[in-house]
Structure formats: structure tokens, C-alpha cells
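Asks: Here's the letter readout for the chains.
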Amino acid sequence: MTASTQEAAAQHRRKVGTVRPSHLMFTGGVGALIDLSNFPVLVGGLDDWRFDTMPDPVPLAEPRLLAAVGKLLSASVKQLRPPPWMPETPGDLTGQASRIGVPTIPFPQWLRCTACNRLAPLDSGTWGFVNDKPRRPDEAKFYHVDCPRKKRQPMAVAARFVLACANGHLDDFPYREFVHKGGACPEASHPVLTRRLWR
Amino acid sequence: MKDPGEGLPIHTVDEEMYRLLPSLVIATVDKLAQLPWHGYAGMLFGRVSTWCPRHGYRHDDMDERTGCTSRHNQSKGGLKPATAVPVTRLRPPDLIIQDELHLISGALGTTVGLFEAAVDELCGWPYAAGKQARVGPKIIASTATTKRAAAQVQALFARDLNVFPPPVIDIDDAFFSRQVEVTADTPGRRYLGICAHGVRLKSAEIRLAEILLLASQTLFDKYGDKADPYQTVVGYFNATRELAGMRRYLDDDVTTRVRRHGKPRHMADRIVTGTGMLAIEELTSRISSADISAVLKRLEVPFDSDLDTSGRRRAIAAEFAAARKGNLAPHPLADRLYERARNGRTPVDVVLATSMLQVGVDVSRFGLMVVTGQPKNTAEYIQASSRVGRDAARPGLVVTLYNWSRPRDLAHYEDFAHYHATFYRQVEALSVTPYTRRSLDRGTAATFVAAVRNVIGPYSHDADAQDVDLEGEIVKDVTDRLLSRAERAAGHRGRQYLAERTRALRDRWVVSQGGTTRLGYRKRTGKEPLLGLLAEPGNGPWTELTVPMSMRETENEVNLLVPGRGLFDPVLTAPPWSFAPADADTDADGEAGTDESVDADELGED
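Sequences listed follow chains L and E, in order. Residue 152 in the working numbering sits at position 152 of the first sequence; the count goes up by one each step and never skips. Offset between the second sequence (1-based) and the working numbering: plus 199.
Extracted from the complex, chain E is given alone in its bound form (with noise of 0.2 Å):
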């Protein structure tokens, strides 16, 4: 920084980074798929090779972008000439803080750990003479869960784990956590487990949905904004098709009943006018990333005890009838709430919730949630659930819907209170394995081009893939400390493997070497072509060259497109309807079909 009042030297565009090459970088996981693809993601690493006193370090392959050409003859606006000086290789990163450590696992994990293997080859760097003495940065991780954690490092870094603060003898205070009791200042979270045998789990889902939003009116109407956390249910779902369904239950039999339910059963209206609708949101990979912030905004938006208990709504709705009606300016109250409804500041009924909750949610005000089916492992159980009570001085109240017909879910069920009293210790262990088959089928080549391009300067560039030579002393170097690694990491079958892999990536490269063009990492056309070495994924079955371009394939989100024109259009070929008697026989099956048949209750009517 040099001059007062600059701001913090901070650069968030790719280029700025490679170029200005920052002391501390930030970044996540994903941006190691860059490595194979770019050949300057290796300046990163400290491999520079050239100093452009205009620039910063430079790259060849990112003149096009920085628009610098290494010799800047002309004076433009007053800077002398400069030309690019070559400098000697910067040290590489010391020190790796991984945070979220209990993420990196699964498929996921898979993947990183063979990037992890190339991010390993480009930190070493020897320290003496001798080939084999290398030094690597330290790593640091943070992480939600110790179980089976040296196994995890183990197969992701290849290195020993030391675990810090060590486990405790005393449970109560772990350093991390400790153990508060449960008093009206610190009222904690309470799960409550509901499974209804016979019952549709549809009907279930409704049935709770209502019954939850009309008893946390009745307190918001007794008790005001200390029962502020209650008001808005948050429904965690483990599939987007089972949340699809709940929306459209939530918008018609939820939004009836909660209209006119709350007599029947002694508690207060949620809804207080014929026409209200519930305020529904929705945290789904549906809306897109952009607007996800702003629905989160909005989740802040508390309720507010002038306004939104049942009876102040009614007297609102009645006094904008008055207004109308008598062309009289309404109470200041009822422009109020006018006003928050205008900016999109009315608070949220219901938020429906996918497993996008589990992480970055922070919204202090949840305090109910209701878990629909028993969540694929018990950590997500945790993270889901542990979204609600944020606040220690709020209360949480889960409420887990068993699905009968699971018998998973039963099972967790019947072992409620147990399970839910030790659900730390339930919490499953971390599983990574980079160095099986399958996986390396998918990230030899990811990792091998990674670790090679970069591993010296004349490699780097899109049009080295030609010179790179596949039987020299740098390739096999760099090939046997790869699979050195994998020995340490996943012993012998690892090496193997991997030893199997690369042998069958460089025959195909070298091949490659051969065509009549010049062969080049990814494919150009123009004035000098060149042939491309990588594939992306996507077209055509998944092959040695085939290198991600994020740590996530997933799949592609195909458009469901409604008619443009004729959506309204009659359907001119339907026949007429007919309504013969039934004979005799059809009779007697459709009686033995009513006992099947759902009842007028579960229909969603009393």
C-alpha cells in the first residue's frame, strides 16, 4: 500500500493474481482444476520465470490478456521503456490452511486428493544437493470431524496428522465446546420425532406444516416477539422432487387450512383474509445463486409484534377496508406494514430448504424446523438441524417426520431419544480413496499434466505439449516422486495403479507427439493451430486425455420449456366423456378398491 487511504491491497481477478503473485492467496478447491489448463497457475507456485517492471511476473500464454509483450518500447503517458528481466524462481507456498477439512471427502475428497498429489510435486523444492531431500509446505486444516481423520490426511496429503487441541478428558469443556446447561437464558434445542403409521406421509407433511404454523401464531399472539424464532418453519427436504411436493400442498391445502383452522382447534388464524397467501422462500438449487443472497436478506426480516399478531392483522386488513371505503388515509400501523410489503420486507412464513442449508446459513432467527425423512448420514443431520437455535439466547425446536413406509427411517425412529443423545459420536467417518481404478481412470491425466506442465518453465506454455519430453530425466523424476507418494498414501495397489495409469497416458501422449501438427495442451485453430492434448469432458466417453475442468462434474441442467404460443389452447381431440353403469363384476372390485382409496382426511378436508 502507498498512498493513505488506498484500502487493502487485495486483488480478486485471476490475472492481478498470477501477475502481482500475493504473499497470502484464498481460494477453494475448485481452482485446482485450473492447474492442468493454464500453464501460468504454476506462477502461483513461485515457477517465474520473467519480471516485467510494467507487468509484474509474466507468462507467455497471459501476454494476450495483461497486454504485455515482454519489451515496451514506446513511453505511453510518461512511463519510460521497459523490458521484461529474467528473475530466479520465487519460493513456493510454506504453508497450506485448509479449512472445512470434513468436506473434502467422498467423491469430492476423491478428486482432490489426486490434484493434492500435484499441488504436493509443485510446493516441494529440495533443500540440498541430493535428489530425494525435498521440503514441502506445512499443512493446517480445520475440520468437524476427528474420526478416522489420519486416514482421511493419510490418502489426502500423504502426510502423518497431529490432532489439536488433543481429546479431552473432560467432555464438558473441549476447548471448542462446553457444555452449558438448560435455563430460560440458554434454552438450547430441543428434537422432536414424529412418525404416523397409516397416514400418507403427504398427509403427515400437512398436517404439521398447519398445526406448526397456527400454535407458533398462538404464542406470537400471547407472547409477542419473544416467540419471534417459532415464526418461521423452515422445512429441510433430502430431494428437491420431495420439496417440489411440499410447495404445492403449502400453497393450496397448507394455505386453506391455516385460513380458517385456528378456531376449530383453539388457536389463533394465521391467515386472517379470505385472499392471504403464505410467505414462501425457497433455498434450492431452483433459484438461481444471484438471488440466494437476497432471499437470505429477507429470512432476517423479523416478525413484528405490532403487526403481525392475528389480531392486529385483522384490524389492519379492516382498517384498509375502511379507508378505502371512506377514501380515508389509513392508520399509520396499516401503512406500515404497506410500506415493508413494498420493499419486499415481509417476514417469511415458510423457507423450504435442500441440503444447501447445511452450509453458510446463518440466520440467527430460525428457531423451528421440520426435517421430512431421516437425512442420508447424521453428520448432514447435524449441520441441517443445527441451523435453527443459532443464537444460545434463542430456543430450537426440530421436528424430525418419520417416513413409516423407510425402514431406515423407522429404525432411527425407534432408537430416538439414544441416537439423538449421542449424535456426535453417530457421526460417520471420512472416507477418500484417489488411489482406486476408477478414480484414477478419471484423474490420472489431471494430475500427471498438472504436475508436468508445471514443473518447469519451457513446459508450461499451450504449445509446449510437443516438447515435452515423455522419456527424460524431468518426466521421470517427477513420475517416480508421484508414485513414491502414492505408496505412502494408499501403499503398493496404489503405486500400481497409478504406475499402470501413467505408463498408458504417456504412450498416448507420446503418439499424440507425432501428428503433422504441433501439438499443444488444449486445441487452437487460427494462425497456428495446434492439436489438443486434453479433452474436456462432456462429448463422447470419458478417455486418458480427458482432464475436469471443476472438481464437480455435474450434470447439465436441461430447460423445461412450456408451449409459447397455444399455452391456453382447448384440446381439440379429446373424446367427450362417457358415464356407463358398471356391470356387476367391475362393481365388486371397485368396492375392494375404496378400502385402498385415500379418505375425505387425507384429502386434506375434515
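Next comes chain L alone, as it looks inside the complex (with noise of 0.2 Å):
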């Protein structure tokens, strides 16, 4: 990762897309894939919820459905709580109501540009991250860095393939390994891999 990309990473906003709440409870809970604009990301367990940077998180009166969930679950469960929210100040877009929300993260982690086709994972360096526009969350996403085909910034979509295992578990699809079957790559240490359409 140059130099530039890496600063660029740290200074993008952080919130990518809404959800209601309803959502989340059902289609879009923890584990589920959320399709943005333009890449799905996928929400964070409950240990990374962050209710701390929350004014005064005021949890559910909803004695009879705690006894439930603590029936179900483990007597551990203490309190139901509403996701991290808090009201928008009007006007001011970029304040703390901004930074408090669902953690989640682009998945599929192994991307593809739209125009050399390079694919690779989010580590590998390749890909960079604009979301500047505090307004417009909905116009954030990855592109190629330095694309050898197309110079201003070509869209990387999710790579099409995950791996999801009959107990319910999601992963990355382990595209390096697989077309090496299984094996090492003979030619190079860390192989650069391009999507090719099969006819």
C-alpha cells in the first residue's frame, strides 16, 4: 500500500449506509450480508456494538421478552438494548450522531476491478476506499489504486463467489489455494491473480 492510500484510508467516514431497525432485527441481522450501493458488507457480532459513545443509551422495558431471551439463552442476558443511535443534530451531518452506529465490514474481503479484472483480497493493497461526502454515504466504494487500464479510479465490486458451510458459517472463497488445487504456486510467492470469463 503506498503511502498515500494508507493516509487516505484513515481519513474516509466511516458511516457507509442506513438501516432501520426493523431490518437489522430481521433480514439484516448480526452475521447477514447488507447490500450498499456499491459493496455488501456484513454486520459485526454484538461484542463490537459500541454503546459507550452513546449520550445516554436507555435500555428496553421489555421485562416479559427478557425473561424469554434469558430462558433461551443464559441468565447472563441482563438487558435488551436498541441498536446504537442517536439523533442528528440538524445541520450538522459530520457530528457524533454520524459516528455512532452498527459496526460492520466489506464482504466479500476479495474484490474485483471492473477494468483490469484484478482479483485480490482488501489486504493486499490493491484497492483504496473513497467516502468523502458526508451527504452522500450512498456514492462510497472501493476502487482499483493505480489500475494499469483505466486511469480515474475503476469501481471494484465484490468478488462473486463466498464459501458458506452447512452450519452456517461464511468465508472468503479461498480463490488463491483453489487455482493452485490446494497446492503452493510453482512460479511465485504471492501470485496476482486476474478473473477470467470461461467460454
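Keep in mind that a hint or two might mislead.
[Claimed, not checked] Computed cross-link-like contacts, DSSO-like style, restricted to lysine-lysine with a CA-CA straight-line distance of at most 27 Å:
#1 E:K524 with L:K150
#2 E:K496 with L:K141
#3 E:K462 with L:K150
#4 L:K133 with E:K496
#5 E:K401 with L:K141
#6 E:K675 with E:K722
[Said to hold, decoys possible] Covered stretches of chain L (chain E as the covering partner; in silico rule of three or more C-beta atoms under 8 Å from a C-beta of chain E):
#7 72-80
#8 152-162
Because the hints were derived from the structure by calculation, they are not lab data. Think of the CB as a built atom: it goes at the ideal place given N, C-alpha and C, for glycine as much as any other residue.
Fit chain to chain and form the complex, with the hints in mind.
Replies: Okay, structure coming up:
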């Protein structure tokens, strides 16, 4: 990763979209994929949800539901909480309210460049991320840094395949291992992959 | 208007409206939600008491905002000293025009129905000495459907209904609409149903988008500007979640396909360069409302037959490459393309929309729409699909893609021709139920407080909740009128439910008046603190005294955050992959599994 992308990575806005609480309860819960405008994200586990930055978190007052949850899971469940949220101060799009929310990570972590078809994971240093307009989180996107085929930040899209196990676990597709039939690449220590379409 | 060239006397700020009381007010029903929260909202109904020569009609609660304090001794800037003078009440509104009455239905209509009771109360005035004889405004409404409109109007306004023009005998000419033969000049709109049995809906969506984009490009190459209506595909979705999935496919699968599949299918390629992308816009709640108008403006940009045929696009791309290599000035047409892109006026290939498209979107260019899944009701389907072919001279094609795993979609597909031939008849009746228990649980406080607070001046100020005599004659009269209106709208039961809720509310109010701090309508801290009678919804359960701040309480939107630092960090704890050979029995399972797995075609490739 070049120094400039590293800098950019540290400067992007964290808010990439919004969801309704009911969506978070059902189809978009912990471990679910939520499709944003330009990339999908995976909702992080409850241990990553931060409530300490909220000014005054009010727990849900539903004693019967709490008892039922306690019976179902474990008696150690002490509180039911709404997702981290605080009302936005009108006109202040970059204030504290925009930094409180549900943690997610981009998933699949493998991306493909729409111009040169390079296939690489997020940590490969290939990709950059832009999200600099507080009013347009929907324009947040990943792009290929220094793409050989297109100059102006060609968009990177999520790679098509993921792995899911019968128990509902989700992982990135092991492209690197797959194309080398499980072994190591005989040519390079760190192979560079490109997606090609087979006809 | 006093000076020539001053413009029309139109006010757009709330405070201006209250102090000047224009004779014509244009508002949305959402503004009615202000009635219980603001004492000065009653001034719009003529409930004024004093008038300041400098500031117009005044209300003590507004002084802070208008800077008026009934007496102006100093003559600032040459103004004469002024004192507010008492005035008589103004005549309340005599005419209410409700546009788009069909939208005041369902949950919104139910809430509005209760607020209308307060409006009715504030608009009514006795024209004779007898208390019972009151007159109110005439209400004129326009609606898209008159089906069961009488019941809707009864529940909303507790009034009888006359329909104008009366339903006619001649269906060809019904005053609002006239049937026109389909000719080359008036091409009309065609509906097409697609149900791809046994194929995943997502696959069908991808294929459909691909073929429509390629086919429209082929038409455009051949016929030029005449084919412009088909160049922008409007995707209509029933849920943002479905739309979001399609967005993924458009950027990936569809883009890849329309780059290279044109030729083998004997059609034109939509994207002629290996790096080009589709221009995609969204009309959804994901886009902030301020940006929607920009999107709409961009959608008006037509495809240009000088620039956008696939031949021209190829030539321009080659021209650019050559110009760059030889350091020459590119052809003027290539320049025009570049200029257009720089001004953000590149025409849009695909626009994805949710129910937002139904109201107010009027882009006459639209001629091609894909409806994915049968919308929940026919009214919505008609509203949404009539966004294409708005211009009588331009054609419209609506392709409805049915999900074969949904029985409802299948039923519509099987009945496609008849349903579409008669779909105006299939429009659902509108249902409004203000006087049901669950509705009254939520809306009684708002209605009752709105009516009582604005009934006389001395009850209207923020600090007056303490002084309202809940056992007194005035409150009793208001309650009686609300109850008899409930009876007219919803019969004996409506009256009974409302009476129950009103009694409970009055009890709570009386109890609140017994506190050690003065009771106001809303909580105030500071020099003269007030206890709050009304509670804002949001935190905690809904009580007798919770009053909504708007007609539609929508859920708050929770932010989704990606990691700030560490977005690109490697996952350090991930174990390495191992590819141990599967043993015999799991192999058999694997075999059985392949039948269910998707084939190469479904994965998006040929």
C-alpha cells in the first residue's frame, strides 16, 4: 500500500449507509450481508457494538421478553438494548451522531476491478476506499489504485463467490488455493490473480 | 402587494404564516401534527386575540421568535410607537381542498382521520344562538379512485359525499379520460409478463436486464432518437433489499455481459470499451431527498444519436486513443462527449427505484420499465407502471418479471391478460379506520389536546395546561362535539371507544395538574419551569399522553459503520486452508448436492 492510500484509508468517513431497526432485527441481523449501493457489508457481532459513545443509552423496557430471552439463551442476559443510535443535530452531518452506529465489515473481502479484472483481497494493498461526502454515504466505493487499464479510480466490485458451510458459517472463497489445486504457486510466492471468463 | 415589481405575496416560513394569516394556505396533512404542540397553530383557524401594527397577529408563545412584545415604545428606525390592539376572531376556513385523497388511506389516513376531527372542531362556528347549530367548511377532494370513496370520506371527514362528474355511461369519454386508438402517433403502453420457471429470480433479472439493454441499443443504432424511450431501463422493486441485490448484479454480471454479448446475439454491444460502466442512478430512500432532484434532472437527459450509437461510441473511443497517442486535438464530437460527461449530463442507462417512483416522478423520456415481482396492490402497480410512456407520442413497455416461487405472483401471471385488461377495476378500495381501538390508543391525546388547547385563547399558551378546566362547560362542549362526530363517522362503537379514551386522558390530565410545578403542554426548563403534559414518542412505551410529532412515525435510521483505521488490515487469526480428501460417505452426499447447486449458466456465464 502506498503512503497516500494509507493516509486516505485513515481519513474516510465511517458511515456508509443506514438501515431501519426492523431490518436489523430480521433480514439484516448479526452476520447477515447488507447490500449497499456499491459494495456489500457484513454486520459485526454484538461484542463489537459500542454503546459507550452514546450519550444516554436507554435499555428496552420489556421484562417479559427479557425473561424469555434469558430462558432461551442464558440467565446472564441482563439487558435488551436498541441498536446504537442518536438523533442527528439538524445541519450537522459530521457530528457525533454520524459516528454512532452498527459496526460492519466489507464482505466478501475479495474484490474485482471492473476495468482490469484484477482479483485480490482487501489486505493486498490493491484497493482504495473513498467516502468523503458526508451527505452521500451511498457514493462510498472501493477502487483499484493505479489500475493499468483505467486511470480514474475504476470501481471495484465484490468478487462473486463466497463459501458457506452447512452450519451457516461464511468465509471468503479461497481463490488462491483453488486455482493452484490446494497447493502453493510454483511460479511466485505471492501470486497475482485476474478473473477471466471462460467461454 | 404594494410596490410594482414586488412579486407575489407568498410566505413560506411558519412564523410569517401565523402572524400574517394569508387567506389561502397550501400545506400537507403532516402540518396538522403541529396542532397539539403549538398554541399559535390555532391562529390559522381564525383564533386570534390581538394585533400588533408592526408584527401582525400575535400570540404570546410566538413573541420570542417574532420579537414582538405587544408594546413598542421606542420608535426604532422611524417607526411610530405601537401597541397591540385587541381584535375579534376571524372567520375560520370556509373551503378545504384535499388533493390526492386516495393517498390519505391506510395507516396515514387513519391518523389523519383523527386530526380531521380537531380541524373540524376548529373550523366549525355557531351561526345562531343555539349551541348545536354549527357550520363548517366545504371540503372538495380529488382522488384517483372512487371505489368505496363514500366510506372513506365518512370515516375521514364524517361527511356525505357527492361525486363529480358522476360515473358516465360512455366509458370512452369519462370527462377525465378519453380512449384513443393505438396508432403510430399515439403508441400507448404495452405490458409484458415474464415468468421463468425453474430459474432463480436473480438469474432471470440479470438476463432480462442484459437483453433489454442490448435490444434497446440495437434499436437505437437503427432508428436513432426515435428509440430513446427504450434506452433508459427503469427497474421497479418492491423492497430496497431486492433493489440492493440488483444493484450488485448490474455493476458486476450485467456490465460484463453487455460489454461482450451483443455480437453473438446479433445485437449491438451496449458498452463498447473494456473498461466502460453502465450509468446507474437510484430513486430510493438511500439517496438523500436533496439529491433526488439532481437525479431527476439527470434522468431528463436524452441519449444523443450523434454520440450514443454503438458505432459512434466505438469511433469516439478510437478517436480519443489516437488523439492521445498523436497528441492531436480530438474530433469535435469526441469533445462533445467529454464535455457532456464533465457536466454530469451523461444519459442514464439504468435507474433503480422503489415505491418513491409512484408519486411525483414525471420524466417523459421513460419508456421501458421492469417491475420485479407483483407489487402489493393494484393501485401501486398502476401508479408505478404509468411512469413510462407519460408522453402520448412516446411508447411505453412494461415488463413484469414474476417470481415463480411466490403463489401470488403465479396467480397474477396466470391471469395476466385479463388482469391487465381490467386493472382499473381491480384497484383496491381505500380503507380508513380512525375510530378503532388501536388507532384511538395512539391518536386520542393528539386530537383532544389539539381541539381543547385551541378552543379559546386562554387555553392555548404553553403554560396554560394548568388552567384548563377539564370539568368545565367549554371542555364538555368540545368533548360532546368530538363524540357526536365519532358517532357520525363510525357509529355507536366509535363513540364508545373515543369516550373511554377521552375519560382516561382527562383523568391523567387532572392528576398532572396537581403537581408542585406548573403544568405546561410541553416540558420547559429555566426561569419559569413547566412540567410537560404531552410526551414525545420515541423513548419508552406509548402512554395516554404520547403525541406524535408527525403523521408518519417512521423508525429511525441506524448508521452502518465500516472500520475507520484497519479497513485494509489482514485477518490475522484466520487458519490456513486444508484440502483433505473427502471420505467415501461424504462423497456420496456431495454427489447428491450437485443437483441442487447452480449450473454454469446461472452463475452468469455462458
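Asks: Each hint should be assessed against the structure and marked as holding or not.
Replies: For each hint, the structure was consulted:
Restraint check: the Cα-Cα separation between K524 (chain E) and K150 (chain L) comes to about 16 Å, which is no more than 27 Å; the hinted pair holds. Among the hinted pairs, K496 (chain E) with K141 (chain L) is consistent with the structure: their alpha-carbon atoms are about 23 Å apart, no more than 27 Å. The suggested pairing of K462 (chain E) with K150 (chain L) holds, with an alpha-carbon distance near 24 Å, which does not exceed 27 Å. Using a Cα cut-off of 27 Å, the hinted pair K133 (chain L) and K496 (chain E) holds, with the two alpha carbons roughly 20 Å apart.
A threshold of 27 Å between alpha carbons decides the hint, and for K401 (chain E) with K141 (chain L) the separation of about 23 Å falls inside it, so the pair holds. For the hint pairing K675 (chain E) with K722 (chain E), the CA-to-CA distance comes to about 26 Å; that is within 27 Å, so the pair holds. Look at the stretch 72-80 of chain L against chain E: 0 of its residues bring a Cβ nearer than 8 Å to a Cβ of that chain, fewer than three, so the hint is violated. Three residues within the 8 Å Cβ limit are the bar, and the stretch 152-162 of chain L against chain E gives 5, so the coverage statement holds.
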